[in-house]
Every structure is written in C-alpha cells, then in structure tokens.
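> Since each chain sits alone in its own frame, please combine them into the complex, following the hints.
For reference, the chains in residue letters:
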Amino acid sequence: MPPLLKILIRRLALGVLTLFLVSLLVFAATQALPGDTARAILGRDATPARLATVRKQLGLDRPAVVQYGVWLKGVATGNMGKSLVAQEPVTKLLGNRVRNSAILVLLAALISVPLSILIGSLSGLLRDRWFDSTTSLGTLGLAALPEFVIGLLLVMLLATPIFHILPAVSYVNPDVSLWHQLNILVLPVATLVLAVSPYMVRILRASMIEVLESEYVQMARLKGMPERIVLRRHALPNAVIPAIQVIALNLAWLAGGVVVVEYVFNYPGIGTGLIDAVSNRDVPVIQAIVLLIAGLYVGFNLLADILQILISPRQRTGLQ
Amino acid sequence: MSDNLIPVNGAPVSDLDLGPDAGLGEPLEPRLGHDLGSAPARTKRRRREWVQLLIDAVHYRRTQIGLVLFCFILVVVLFGPYVAPHSPYQFVVRPFAHPSSTALLGGDSLGRDVLSRVLYGGRSVLGLAILATVIGLGLGVSLGLLAGYARPAIDDVVMRLLDVLLAFPQIVFVLLMVSVLGPRLWLIVLTVGLSHAPRVARVTRGATLEIKERDFIKAAESLGVSRIKIAFAEILPNISSPLLVEFGLRLTYSVGLIAGLSFLGFGMQPPTADWGLMINENALGISIQPYSVFIPVALIAILTIGVNLATDGLSRAMIGIERDTGAS
Chain D
1 MPPLLKILIR RLALGVLTLF LVSLLVFAAT QALPGDTARA ILGRDATPAR
51 LATVRKQLGL DRPAVVQYGV WLKGVATGNM GKSLVAQEPV TKLLGNRVRN
101 SAILVLLAAL ISVPLSILIG SLSGLLRDRW FDSTTSLGTL GLAALPEFVI
151 GLLLVMLLAT PIFHILPAVS YVNPDVSLWH QLNILVLPVA TLVLAVSPYM
201 VRILRASMIE VLESEYVQMA RLKGMPERIV LRRHALPNAV IPAIQVIALN
251 LAWLAGGVVV VEYVFNYPGI GTGLIDAVSN RDVPVIQAIV LLIAGLYVGF
301 NLLADILQIL ISPRQRTGLQ
Chain F
321 MSDNLIPVNG APVSDLDLGP DAGLGEPLEP RLGHDLGSAP ARTKRRRREW
371 VQLLIDAVHY RRTQIGLVLF CFILVVVLFG PYVAPHSPYQ FVVRPFAHPS
421 STALLGGDSL GRDVLSRVLY GGRSVLGLAI LATVIGLGLG VSLGLLAGYA
471 RPAIDDVVMR LLDVLLAFPQ IVFVLLMVSV LGPRLWLIVL TVGLSHAPRV
521 ARVTRGATLE IKERDFIKAA ESLGVSRIKI AFAEILPNIS SPLLVEFGLR
571 LTYSVGLIAG LSFLGFGMQP PTADWGLMIN ENALGISIQP YSVFIPVALI
621 AILTIGVNLA TDGLSRAMIG IERDTGAS
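Going down the list, the sequences are from chains D and F. According to our numbering, the residues represented by the first sequence are 1 to 320, in order. According to our numbering, the residues represented by the second sequence are 321 to 648, in order.
Isolated chain F, as found in the complex (with noise of 0.2 Å):
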C-alpha cells in the first residue's frame, strides 16, 4: 500500500494522471489544439475515469458481496410479481395466520398473503429511491458546480442557503414539507431528493475548488470557453469518481428514508404492497407472526447494506487510483 504513495516520476502531478494508465493516451496540447469540444476524445477520457473505477471496486471482496446482495433485491424486485402465488391485495388466509402451503410466509394483517406482498411491495422501495437520489444529485452536482465554479460572492449566497436546508435532520425537512402538502408521492421524492441536495453539493464543490486550479481548465477558459461549458463538459467529467461515490451513499439514504416514511404512515398508502407500509401495517402482530415484518424488515437491510457495501468498495478504489497516480 506504502509504495504507491510516491509517484513514479517524482514530478509534480499532471492533469493528465487522472486514469492510471492516463498519459499514454492523447497528451493535453494537441486536444486542446484540435478542438476542445471534439467529442471522441472528451467520451474517452470521461469512459475513462469511472469505468476504471468500477473495475478498480470489483476487485474488493466487500465490492463483490455489496453487489450479489443488490442483485439479489434487484431481481426479487423485478421478477417478483411474475412469480407472486396470489395477488397482493387478495384475501387468502385469516389475519396474521401462520405459514401454510396457500400462503408460504402466512397472513398479514389484513390476512393477505405476506410472500405475494413482499414480491410486489419492493418497486416502490427501489424505483422511488433511485429516483430522489437521481433528483438529489442533479440539483446538488449543479449547485456546487455553481458555487464551485462562480464568482465567490455566488459560491458564497448559494453555499450559505443550503446550510439553512443543512440544518434540517433529512427525515425532519421531509416531514415538513409533508405536513405543508399531505404525503403525495411526487413530494416526498421530490423532499427526499431536495433534502440530499445540499450534501452532495458541498461534495461537488470541494472537487471542484481542487480541479479548476488545474491546468486544462486554465487552457480552456484562455480559449474563451463559456464558464458553463467548462463546468460540465470539463470539470464534470472529471469529478465523475467522488459523485459515483457520493451516489452510492444517497441511494441507501433515500432508501432509508422513503421506506421510513411509508413505514411512519407518510410514504405509500394502503393498500398498496410497500415493504416499509408492510412494517407499519403488521407490527402490532409481530409476535404472533413474526414473518410479515421479519422478511420487508430484512429486504430493507439487505438492500441498504449491499449498496453500501458496494460504495465502500468504490470508495476505496478511488483512494487506490488516487494514489497510483500521486494526485492527492
């Protein structure tokens, strides 16, 4: 580990030691001779850096389980339905009846059949996780691009106003703005994403503040680039490997998040199949059947520590890069 820390050449570190194998591909002055928005060049190089990183994270054993446990709940979530016995909202057995061969994880509270439910209830779970956290990246990455990339008196207001959503506990702010509209869907994905804006914002303009000192960045805005250009076609790509990163974190958190919120009554309304509405709805028999809360219970778990477990992985792949290549 010790002996990657010195790099190679010894020299300063170049803008072009991005990717471990950067530097053998094309060197900086004949692209940014060329033609700066000449697309072959900017898609490898972008390809480049986390593709590398993906194949860099597979390699951890911790990068392996994460993602078999992801795939194990991205296939009971898409296949489930096919293979479900009975309908989730059919009435099959008495309430909270224990497991027979018509219903192989019995009863819920309603009496319906827990193993039908648990296969229908994770798309919400999974679908409206992925989408707040593509919402929340999206307006954090062009936040702190903004505020990374601006005059400092914008970095400045924009930075200041996300401390104000900061202060806000994520399931606080949620909560919140539910009691203002009601648990709609479309709000508490929207919240959800909005609440992440500000954490990956901050992450976006530290990365940033480190890459536009850089050389190419310098050449490109001396070539009377447009500011906005730059900032996503030139600094984006290259902080690709922190967002992939930060992505990972905030999708298990919204997968806390929304599957707390349909489990404190919030999220998803009956009497649809949700993982986190199947908690609510059966506790009060969790010790009579234990099953329809143990298995949504241990779902969630399974999903939020396999994403996490993959994103540690490609955290430290990213380390591992950065120290191949003696960028700190």
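Only chain D is shown next, with the shape it has when bound in the complex (with noise of 0.2 Å):
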C-alpha cells in the first residue's frame, strides 16, 4: 500500500527531525551554563593556566558547532563523555540506574494496562452505576493529583507506624538482584499505576459506550447471541483498538513520571541521578538522561501515531 508507506515514512522521518532539534536543544542549553565547564570542575579559584588545560583536554576550546559535532558522534556510539562529579564515564554510571528504572516503568506498564482496560470497559459497561460514577470521580481526582502527592499519600497510608506494611523508601541493595527485593518496588509502582491509569481508564470508558450503542452490537444483540459472547467477541476489542494510541501516549509520559516518583521514594534510577545531576550541574550525566527521556518520549509517541495511522481505516488508506 504506497500510500500508507508514504504516510509512515514522512511520519518517520518527522521523528528523527525531533530527535535531532531535541539534541540540538539539550546541547545548546547546556552549552549555555554561565561559568564555564572547566571552572565547575576546578573550583572559584582555579588559576588560568589550569583553567586553560582543563579547557583543551574537554575540547571547550573547539567552536560550538565542532563540539557538538563530536557529541552528537559520542551519544550515536554509545559514549557520553565523563561524568564530572564521579570521573567516570556516563554510560558506566547510569547502567543500573537504566535498568532499574526500567523495571520500574515496565512494572507500571505491565499493571495499569489491563487494569486500565478493566475497569474502564466495566465503567462504560455499567454506565451511570454506582460503580461508574464511584471509577468517574476516582480518576477525575487521580488526575488531578501531581505524582509526589500520590506517592507521599501512600506513604502515609501504608508504610508509617500506623500501617507499617512497607518500605518508605527504596534502599536497593546493589548485590542484590531486584527480583529479590520486589517489596521495594512496591510503592513506586503503585504510584505510577495510580498516576498514569486514570487518562486510560476514562478513554476506555467512553471508547466501550461508544461501541455498545453502536449498530453491529446491537444486531448481535438482536441476533440472541449471548451478551458474554457479545462483549468478549465484539464490543471489548473494538473499544480497545481506539484507546491503543492512548495507551502509548501514557506509557510515554510514564518516561517523564519516574523522575519525581524515584525521588519520592529515593528509587535509584534514572529519575534520581537527573535530579542530582541537577542539584551538582554534572552536564554529561544531564544531557544523557535528558536526552534518554525525551528520546523514549519522541519514540513512544511516534509509536503512538503509527499504531493509529495502521488501526484507522480512513488514514490507512489515505483518504482524509
């Protein structure tokens, strides 16, 4: 179909233009700290001389464009420069922290998905109920809640002495393999499931009453097909196919979530190392994690639009 191949490769294409402003963008604004590199390394009272050496050995004597040049060639192969609070290369450094945050959103991911589906088609199939109406006004509130404040929340709710049935904050024992420490993981999945789940929950709802009242339902209705058989056969998977595309648009913010939510509960992930990268203006440690979110941002969201351009039949074949 050249249509459709059309559609995705402009679309492609569009991704990796953002990808490349995104790098653009990160490198300029780290590029643009006042004081420069060398000078945060070595301290107010570096002489000149030493200022000059440090200078050349990190390139920052090398116009912009050559350094970023060099960069952006650093961050395709995999090397991220040093970082400077720990002298050590960024890669190394955020291996563990990338893998446990991965854990961590793929945990989310894995719980708020079917759950979301759930209650949401639930909600729409038993719409205007009491269980609705109590789901309508659960996710209205959820929604409106920052992350921290539903972490904090459960915090309070479960692991202070009044219920203490987990841990507040996640001291991860690096010997340890996660797996075997999953009470830790606990808290933080849970906030992000409560954080992320509502957007889903609703979009099901409304995607499952809009498929009811639709005509093939009720000719199977009519039809004397038994009414489980109609929901798993026809009604479920139609409702799911719309909420796909908003499926992937919340697993891409969970990308973003994990930053305050890892620093609610101490996480060790990538969320904690950009905050104190922050905090030291480590700029390696900065413009990697930065660009590792806003990279799986612009990729969940690309995702996104290719699932919807692939399930709508108007945009498959090309016609508006």
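Note that these hints are calculated values from the structure, not bench results. Just so you know, these numbers come straight off a predicted model, no measurement behind them. Where a beta carbon is used, it is the ideal one built from N, C-alpha and C, also for glycine.
On the chain F side, residues computed to face chain D include the following (Cβ under 7 Å):
id: 1; residue: I491
id: 2; residue: T572
id: 3; residue: G580
id: 4; residue: F583
Listed next, the in silico SDA-like pairs over lysine to any residue satisfying Cα-Cα at most 20 Å (straight line):
id: 5; chain 1: D; residue 1: K6; chain 2: F; residue 2: R480
id: 6; chain 1: F; residue 1: K549; chain 2: F; residue 2: A470
id: 7; chain 1: D; residue 1: K82; chain 2: F; residue 2: V500
id: 8; chain 1: D; residue 1: K6; chain 2: F; residue 2: D476
Structure below.
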C-alpha cells in the first residue's frame, strides 16, 4: 500500500528530525551555562593556566559546532563523556540506573494497562451505575493529583507507624537482583500505576460506551447471541482499538513520570540520577538522561501515531 | 441527553448559533454592515459565550464541589497570614515536636510552627502557578492562532518547532532549564509557562481551524480587516470556551509542577514557607510528626482536585452548549 507507506515514512522522518532538534536544544541549553565546565570542575579559585589546560582536555576551546558534532558522534556510539562529579564514564555510571528505571516503568505499564482496560470497560458497561460514578470521580481526582502527592499519600497510608506494611524508602541493595527485593518496588510502582491509569480508564470507558451503542453490537444482541460473547467478541476488541494510541501516549508519560516518583522513594533510577546531576550541574550526565527521556518520549509518541495510522482505515487508505 | 443532538431547525449550523440564545440578538449582516469593530456588539457576543459557559457549568455538582474546594484554598492562602499564631520563621518548639497548645499542628524539622508555615506557604504555590499558567496560555494562544490562521508554511514551521518542546516531559524540560541557570524563581515560572505553550497551542490551533472557515470570518476577510485583528477580535472570542477549559487544566498541572519543583529542592528556597518545600524539609520526620508533611500534601491535593473538578464541569457544560446548538 504505497500511500500508507508514504505516510509512515513521512512520520518516521519527522520523528528523526524532532530527535535531532531535541539533541540540538539539549546541547545548546547545557552549553549556555554561565561559568564554564572547566571552572565547575576546578572550583572558584582555579588559576587561568589550569583552566586553559582543562578546557583543552575537554575540547572546550573548539567552536561550538565542532563540539556538538563530537558530542553527537559520542551519543551515537554510546560514549556520552565523563561525569564531572564521579569522574567516570556516563554510560557506566547510568547503566544500573537505567535498568532500575526500566524495571519500574515496565512493571507499571504491565499492571496499569490491563487494569485500566478492565476498569474502563466495566465502567462503560455499567454506565451511570454506582461502579461507574465511583470510578469516574476516582479517576478525576487521581488525574488531578501530582505524582509526588499520590506517592506521599501512599507512604502515609502504608509505610508510617500506623500501617507499617511497606518500606517508605527504596534502599536498593546493588548486590542483590531487584527481583529479590520486590517489596521496595511496590510503592513506586503503585504510585506510577495510580498516576497513569486515570486517563486510560476514561478513554476506555468512552470508547466502550460508543461501541455498545453501535449497530453491530445491537445486531449481535438481536441475533440472540449471549451477552458474554457479544462483549468478548464484538465490544471489547473494538473498544480497545481506539484507545491504543492513548495507551502508548501514557506509556510515554511514564518516561517522565519516573523522575519525581523516584525522588519520593529515593529509588536509584535515572530520575534521581537527573535530580542529583541538576543539583551538581553535572552537565554530561544531565545531557545523557534528558536525551534518553526525550528519546523515549518521542519514540512512544511516534509509536502512538504509527499505531493510529495502521488502525484507522481512513488514514490507512490515505483518504482524509 | 440524546434529544439535544438534533438541531431544532434542522438547518446547517449557522455561525450565529454559538451561544444558546444567539440568533435572538443581533443578526450577522447588520453587524458587519455597520461597523465590524463596534465595541458593544463585540463585547456582548464575547461575554455571552464564556459567561454562559460558567453559568451552565455551575449547575453540575462536580463544579460546585470543585469551586468550594478551590475557595477553601483561596481563603487559606489570602487570609492565612493574618491569622497565623506565629511567624513562619520563628523557632517555637523543638524539632518535630508533637502538636501542643503552642504549636497546634506540631513543629517542623527546625522547630517552627507547622500551622503558621502552612498558613503562609500557599501564596507562592498558588501565585506562581497562576502566573505560569497565564504565561503559558498567552504564549500558547498566540502561537496557536498564528499556526491556525497564518499560511500553511508558517503553520508547519511553528508546529514542528513546538513538537521539539513537546518531546520533553514538562518536569524534565524545567529541570533542564534549571540546570542551566540555577533555581531562579522567574526562570521556573517562565519555563513552566513555556512548557505549557505547545500543548495550549495545539488546542488553540485546532479550534481556530474550525472557526476560520465560518462565514463571518470570510466576511471580515473580504472587508479587508487585517488578519491580526481578525485573529484576536473575531476568532479569539469564539474559541474562549475551549480556552477556559484549557486554563483550568493547565492550572492543575502548574500547581503540580511548581509545588513539585519546590519539593525537589529547585523551587522556593529555604527558609521560605512553601507547601512543596515543607514536604521536602519534613519528609525525614514523616513517621514522628506526620502533620508536617500531611497537611501541605493534603492542601496541594485539595487545590488540584478542586481546580480539576471545576474544569471537568466546564468541559461538560461546553459539550452541552455545543449539543444544544448542534455545533460539533
């Protein structure tokens, strides 16, 4: 299908262009630092000679365009420079953190997506009954709450002396696999799930209501098909499809949502890594993490768009 | 609900049908014939749309609850400092002291009165959030009008550039800027506003694209009214409803971002009394003196839920208005 292919390629190219501009913005912003990197490393009372040496070592004396080229090449080859604070390669420094965050996001996604589909479609099915109105108010409230507020409310509910069920802070033991210390994951994952689900629940509810009012569902019912099969075969699949784009967008949100949630629980992931780096003005680490998060965000958005193009017949055939 | 879906007259939607009682007022032709810029007619029309939306929204229970919650916070923020028993900076009890007659909600990490700090600490959260939202809406609406009503080439460039900003989760974008210039207040307000702009611009552009094909815009164009004037005097008043909803939505997020940044330690700096910062300062004592964390958390929660409930009422009322008039 050439028109479809054309749309997909165009969208992909736009995604790559966006990523390129994002990298440019990240680089330009971090280069605008008042007081340059050499001074940041050496401290306030560095001699001019030492400053010059370090600047040369870091390549800071070269034109900005060249520096950007070198940096971008490094990004492409997985060499993001050295942390100014830890004096270690950024990739090595962030390896564990990326893995920890990935586990967090993955678990949150694996729980929130099926849960939202279940609650959302039930809510649509039981429209205007107590389950629906409770869910509706609940999602409205949760959608309003900032992630850190949800996290802290959970901490107060489950991890203070009143109900000391779960640890409030994630002391991850680096020598033991995270799978063996799942209890520290419960609260951060629960926070992310509660923060991300409301939107998915609401879109599924709306989608389910629309499907249930459709002619093919009425037709199936009139045929005398058992309600259970009507729901499973006709209603649910058709209700989920339009929601797929929103689901992908919410997974994109998770990439940014981990930042504050990790800080609440002191979880050693890229979020706390970013916050530490911002406090220390550790430029290479900031660049790496921001680029990673933005890349994921753009990637999921792209995925959402592509899925939407593939799903919707109107766009698939190129007719607008 | 469903009986409203069919337009009463069955005719194609006319531009006059924007407000529920539109069409009874001034008809389109005379208005254009006399003076397009005549202020009374325009303000009358503009006011009608969003005031009507507010009036309709108040009929919803959720709007009422939302407004009550918001007003509660507003009262705390505005009058709190006048009734605070202590100065927010004064050390009155020992650190993390339990509630007593001296400090009704106990002491914070340094022994300051939690109640007094709570009563003082909302100004920065609410004030900065409103400021950031206004900046974000101003920028976003201007860019959205530009994209929606300018030549397609400009539209493309503006929207692609905004896509770059959209590639950053809002908090990450603000943190990136903070890492450049340090935790300055003006910077945080500006960047939170800036991070709203592409999102607001998308909504504005979408609404503009719908409006700009209408007859009254075409009429104004054919009369030679400048495009900037049409954008701000003709299009803007007619998209005020979705923008009002957008304002509420962005305010909810602004509160979260501003308070969140203080919570992360990049917003308000000590010794300021600020709800976000209080959570940060007192988090270590959460199990000894829960009030020092719980009260600010609860107040932020009430504020965001209140704004969101009211906003939800607005958007429901908006759909209602559109249904009444058959506009889609």
